[in-house]
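Undergrad: Sequence:
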Amino acid sequence: MWVSSWGDGAVKIVADSIVRKIDTQSIPALGTTGAGSPLFTVTGSVVADLDGRLWFASYLTTSRMLSRLDDDTTFTYFQNGYTSGESRFTSVAIDRFGTKWLANSESMKKSATGLYYFNENMTLPGTQGTGGWGHVSQSTGLSDNIVLSIAVDLEGDVWVGTDLGVTIFNEPSDPRIRRSTSFPLREQTIQTIAVDALNNKWAGTKEGVFVVSPDGAQLLDQYTVANTNGKLLANDVRSIAIDHKNGIAYFGTEMGLNVLSIAAVQTSRTLERLALGPSPFVLPSTDPLTIRNLVPNATIKILQVNGVLVAEFAAQGGGRAFWDGRNASGDLVSSGTYLIVAFSDNGEQVTTGKVAVIRR
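The sequence shown begins at 11 in the numbering used here and counts up by one.
Check the hints yourself; a few may be wrong.
[Stated by the list, open to error] Now the in silico label distances, taken between C-beta atoms and shown as ranges:
1) Pro306 - Gln89: 38 to 46 Å
2) Gly91 - Asp297: 29 to 37 Å
3) Thr133 - Thr234: 37 to 45 Å
[As the list claims (entries may be wrong)] Simulated crosslink set (DSBU-like; lysine-lysine; CA at most 35 Å straight-line):
4) Lys31 - Lys311
5) Lys216 - Lys241
6) Lys311 - Lys22
7) Lys255 - Lys241
8) Lys22 - Lys364
9) Lys31 - Lys255
10) Lys255 - Lys311
11) Lys255 - Lys216
12) Lys255 - Lys364
13) Lys364 - Lys311
14) Lys241 - Lys22
No lab work stands behind these hints: they were computed from the structure. As the structure is a computational prediction, the values presented were derived from the model and not from experiment. For every residue, glycine included, the Cβ atom is placed at its ideal position computed from N, Cα and C.
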């Protein structure tokens, strides 16, 4: 795990110990200009590409470069070929084409110049004369020049969070075409974007957390201090991280950290043994039966032991599904043992489990 700082570089942590530090003493080119100290090093996010190389977003470096760590000792630097005057980057995201998308910080509002992207292979249209660099601003279709966050979703679309909503690049192989936006997020300050296992987007704003559908068209949920009765510590949500395996969202706010259990979890590659709980399943219950270890787009059938179909539904949480203990008519089922059958969307994978139901 890499941890970045504002002024002291970045460190690699393994088993609670710092095993590597990146700063101006090891990499002089990372020094920040105008900081009053040649040792002041601001490193933004650290992201690995498909080849395992690490990319460092740099803020006002002395050489105005994007940095790549090729192995334990070798750095490669890339100067902004679009404009030599812009190197105020605080985060980077990498899409499936290997393009690096760069965001700046909120402190730059007066001098914000828009979104920059870079592909060292110079495969993006219109970037051959700039060394692989490209640029989009508000005048050429960006929601706003203040770019605060970037995320690549499960379909490969690039979501760019700005001070006035999001711009979605639906065809990142050519950033000049096919852009869209999210109506529910219009005019919001999108400080952070996270993507869950169902490809829903979680946007941290100054007015709480917005959850929108995969295409951004529908508002699925919203969390504020008011509608959570104070469980959300503050509406100003600066960062969001999602544990896809366990279905947990973490919200970083100005008042501290919030933790929320969410429905979406990562899917399995193959249908093997189902994990069911609680068992026994006592009805009535405010908590559903959770069915885990599912493949994408799985369907669930609930059967009596004699084979009679009780209920059938699609998995609601990507890698897991939920049963409320009711049959197809909406009535709670009787006590007994029930078979849980899960199968893939093409019908080629099937697995079963069983649960004891106690009706009180």
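Undergrad: State for each hint whether it applies.
TA: Okay, the hints, checked on the actual structure:
no.: 1; hint: Pro306 - Gln89: 38 to 46 Å; verdict: holds, 42 Å
no.: 2; hint: Gly91 - Asp297: 29 to 37 Å; verdict: violated, 55 Å
no.: 3; hint: Thr133 - Thr234: 37 to 45 Å; verdict: holds, 43 Å
no.: 4; hint: Lys31 - Lys311; verdict: violated, 53 Å
no.: 5; hint: Lys216 - Lys241; verdict: holds, 16 Å
no.: 6; hint: Lys311 - Lys22; verdict: violated, 46 Å
no.: 7; hint: Lys255 - Lys241; verdict: holds, 23 Å
no.: 8; hint: Lys22 - Lys364; verdict: violated, 45 Å
no.: 9; hint: Lys31 - Lys255; verdict: holds, 29 Å
no.: 10; hint: Lys255 - Lys311; verdict: holds, 23 Å
no.: 11; hint: Lys255 - Lys216; verdict: holds, 28 Å
no.: 12; hint: Lys255 - Lys364; verdict: holds, 23 Å
no.: 13; hint: Lys364 - Lys311; verdict: holds, 11 Å
no.: 14; hint: Lys241 - Lys22; verdict: holds, 33 Å
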